[in-house]
Amino acid sequence: MLLTPSEVRNSSDTMLKRTAAPLDVRSVTKTYGDFRALDDVTLSIEAGEFIAILGPSGSGKSTLLMAVAGFIRPDAGRILFDGSDIVRAPANRRGFGVVFQNYALFPHMDVLANVGFPLRVRGVAKREISGRAEAALETVKLSGYGSRGISELSGGQRQRVALARAIVFEPKVLLMDEPLSALDKTLREEMQIEIRELHNKLQITTLYVTHDQREALTIADRIAVMDKGRIVQLDTPEVLYRHPADEFVAKFIGEATILDSDRLAGAGAKGKVVIRSEDFCLRPDGDADGWATLEGTLRGIVFQGDSWLLQVELADGTLIGARAQQHFAPDVSALLIGQPLPLHVPRTRLHVLGATNG
Amino acid sequence: MADMALAGNVRLEGLNRRGLARDATYERLLALGFTLPCLLVVAIAVAIPCGWLFYLSIFGADGSLSFENYQRIIDGASYARIFMTTFQVSLLTVLACVVIGVPFAAFISGLEQRKAVWFLAAILLPFWTSLLVRAYSWLVLLQRGGIVNSTLMSLGIIDEPLQLAFNHFATILGMTHIMLPIFILPVLGAMRAIDRNIIRASASLGATRSFTFRTVFLPLASPGIAAGAILVFVMSLGFYVTPAILGGGNVTVISMRIARSLSNFSNWGAASALGVLMLVFTGTVFLLGYALQRFIARKAI
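These protein sequences, in sequence, are chains W and Y. Quick note on numbering: our numbering labels position 23 of the first sequence as 23, and the sequence is numbered without any gaps. Quick note on numbering: our numbering labels position 68 of the second sequence as 1068, and the sequence is numbered without any gaps.
Hints are computed from structural coordinates only; laboratory data are not their basis. Where is the CB? At the ideal position from N, CA and C, for every residue including glycine. Be a bit skeptical, because a hint or two may be false.
[Claimed, not checked] Some but not every residue of chain Y turned toward chain W, in silico, with C-beta under 8 angstroms:
| hint | residue |
| --- | --- |
| 1 | 1077 |
| 2 | 1115 |
| 3 | 1198 |
| 4 | 1201 |
| 5 | 1203 |
| 6 | 1208 |
| 7 | 1219 |
| 8 | 1220 |
[Said to hold, decoys possible] For lysine to any residue, the following SDA-like pairs were computed, each having C-alpha atoms within a straight-line distance of at most 25 angstroms:
| hint | chain 1 | residue 1 | chain 2 | residue 2 |
| --- | --- | --- | --- | --- |
| 9 | W | 228 | W | 251 |
| 10 | W | 185 | Y | 1209 |
| 11 | W | 172 | Y | 1209 |
| 12 | W | 172 | Y | 1211 |
| 13 | W | 172 | Y | 1218 |
| 14 | W | 172 | Y | 1197 |
| 15 | W | 270 | Y | 1213 |
| 16 | Y | 1115 | W | 32 |
| 17 | Y | 1115 | W | 251 |
| 18 | W | 126 | Y | 1218 |
| 19 | W | 172 | Y | 1200 |
| 20 | W | 126 | Y | 1115 |
[As the list claims (entries may be wrong)] Label pairs and their calculated CB-CB ranges:
| hint | chain 1 | residue 1 | chain 2 | residue 2 | range |
| --- | --- | --- | --- | --- | --- |
| 21 | W | 189 | Y | 1295 | 53 to 63 angstroms |
| 22 | W | 185 | Y | 1016 | 24 to 34 angstroms |
| 23 | Y | 1016 | W | 301 | 26 to 36 angstroms |
| 24 | Y | 1016 | W | 326 | 36 to 46 angstroms |
| 25 | W | 185 | Y | 1042 | 50 to 60 angstroms |
Work the whole structure out from these sequences, hints included.
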């Protein structure tokens, strides 16, 4: 599905050529009264990289994006684009493509006029405008929609128009603020893949704000997890999932149980241990030495389609969740609620917080 | 799919529709009940006097049924001039409101709520002052020995006092002062409703502030501007106190002619005919304006 860089360079449908540029956010701080929206945020984005900013609401992720876009002036810090500080440059001089959460299309213009707007602003000749706008619409798979009114479009189509409008003037940076949050799940997942493909094709340096951890994992090269105005961890999706830096990241991405290692029999490590709910097994396979075990009592079984969620109460009364995949069906059907249930975890799957990655 | 299964089992669909229809009827009746007092007031205070006006206008001076009142208005050149004056003064008032009000409303709409409140209060303050007081205040400022003239003379800018009061200028100035809040409120409403992200989007796409104002902000505010303009125009057509005081006899509008017909000649028929014509005229303007506004709104959104 994903193209390698050389395939991208050779692909004939790359109508719109890009030159990507790096973006550097250095020690940016923004406060509103007593509230620290951004607290010494530093983020280095390589040319052509796709970075997702992930965090709960109020974590400062949108503030960061708006600061990069030029709508919010940071109190302190620098934002370097292609090596020069742009903190004082107004939004309309930055030349970044921005896609807003609610699309922010111009309701009094048709689709083609919306997409052509940035070209009109730049004084491009009329004939060229419609040609390039049409090409951008084709890129987002909306050919032939040019004369439609905005109110005639569905949510997904509006999102595509907003995307076309943000890339038609060949920006070096693309900023997206929860662009898919208003769409239903199926469409959202479809668009995630499409946005990713579009990025592979155009290679624009991209900052993508989302509160949806799955979306971030699907779409980004690297994910910056934000909490309380700070970037808690910046890593590739896999590292982030397997080796969360702290409890917040571990809990925010995926389902995790976090325990003191002495609660586990055979943990083989000291400290707080993160266990992914899907890493629990009902019975250990093969080498018994490679497993850690957690004693508990089964309190509930919930069938959720691709898996069962087993609610297990530990000795101290805490309730944890373990997932049993489909191939455990015979084991699950043999379970009785209220009975003791030992959970097993391969020792290699245990992640000790504060330990070095690897 | 789930809906069909439900409907098949318990016939939820048919049951719901009946219930919904009953609820809808109940709601309509309830709404009618709430509206009834208002409708009654409108009937007593508007419909009956208007009908009475029309009734009076179709009787001649001798008490017989005739159209002489209308005939006189159509024949007399002075009436045509009065209608033109009224029209002109109202149109210029609208123009002044647009020129002053649109930038002002645009400015307020960009402020935070906390600051905007003060400016809004400043606009609404004149609302609490009597029309008469406001007209005379302008007179104090504008008359030959008024503050404006005496200041300009003491500064040596002019030798002779300027004729500022008792003309079209003073009338339109006074009317604009009164109409401005009425104009600004719907305009401000429309401007406030514009999504800030749309303005941001325009900037992010490279547009300067003035380009955004012209191509995005104004078109989106235009339904509100049209609504305000129609409101001001229609209300201006019926002004009496302000043109009477600030016009000083040099500006004669329809309502003044109506008053003269009554106070000088006690001619109810003539006054009623003028009233009816003005009502028809105002109604036509309003409907045309409304259609125009609908057209603008449809084009804008």
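Indices of hints not satisfied (ascending) | 1, 2, 10, 13, 15, 17, 20 and 21
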